[in-house]
Amino acid sequence: VPLCFLLVNVEARNRCPTYTANEEWYSLFNRFLNPNLKWDPGLSSDACNEARGVVDSNAPVKFIAEKTFTKGGSVPLMIALTLMDGLQDQTQTENVRNLHAHTRYGCNSFFKGKLVKVVCVYKK
Numbered sequence: 009v010p011l012c013f014l015l016v017n018v019e020a021r022n023r024c025p026t027y028t029a030n031e032e033w034y035s036l037f038n039r040f041l042n043p044n045l046k047w048d049p050g051l052s053s054d055a056c057n058e059a060r061g062v063v064d065s066n067a068p069v070k071f072i073a074e075k076t077f078t079k080g081g082s083v084p085l086m087i088a089l090t091l092m093d094g095l096q097d098q099t100q101t102e103n104v105r106n107l108h109a110h111t112r113y114g115c116n117s118f119f120k121g122k123l124v125k126v127v128c129v130y131k132k
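Counting from 1 along the sequence shown, just add 8 to a position and that's the residue number in our numbering.
Since the hints were derived computationally from the structure, they do not count as laboratory data.
Mixed in with the good hints, there may be bad ones.
Label pairs and their computed distance ranges (CB to CB) [claimed, not checked]:
# : residue 1 : residue 2 : range
1 : Glu74     : Trp47     : 14 to 24 angstroms
2 : Trp47     : Thr78     : 27 to 37 angstroms
3 : Asn66     : Ala109    : 28 to 38 angstroms
4 : Lys79     : His108    : 36 to 46 angstroms
5 : Val63     : Ala88     : 33 to 43 angstroms
6 : Gly61     : Asp93     : 15 to 25 angstroms
7 : Asn106    : Thr78     : 33 to 43 angstroms
8 : Pro49     : Ala109    : 15 to 25 angstroms
9 : Gly81     : His108    : 34 to 44 angstroms
Derived pair list, reagent style BS3-like, types lysine-lysine, alpha-carbon separation capped at 30 angstroms [to be verified]:
#  : residue 1 : residue 2
10 : Lys46     : Lys70
11 : Lys125    : Lys79
12 : Lys120    : Lys131
13 : Lys75     : Lys125
14 : Lys70     : Lys122
15 : Lys75     : Lys132
16 : Lys120    : Lys46
17 : Lys46     : Lys131
18 : Lys120    : Lys75
19 : Lys46     : Lys125
20 : Lys122    : Lys75
21 : Lys75     : Lys46
22 : Lys70     : Lys131
Every residue, glycine too, gets a C-beta built ideally from N, C-alpha and C.
Based on the provided sequences and hints, a complete structural model is requested.
Written as structure tokens, this is what we have:
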């Protein structure tokens, strides 16, 4: 499956990107941590709201990463770099690795200025 890169001026965005390619980006990352998880689009919406600070998802397990960039760029690359930074938090990384098979998850990202925040939420 070819991976399509979208170039977006992130500085102009103040919301969660919603194009469907995001599911693949987040799925690849989560398969790396735990191949037994199941994508849930409703939880992706919850993750967006939590990333924006609108409402807490009340998910028992979360993976949260933030990164500030010096300039805008490719959305997939910025999301990937933010997720990689999040791996430095060993506790949340191990929490995702130890989830039971078929745990549902959803992820989303929020762009504000040069800040990228990615949230993944996990529920049984």
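| field | Violations among the numbered hints | value | The structure conflicts with hints 3, 5, although it agrees with all the remaining ones.
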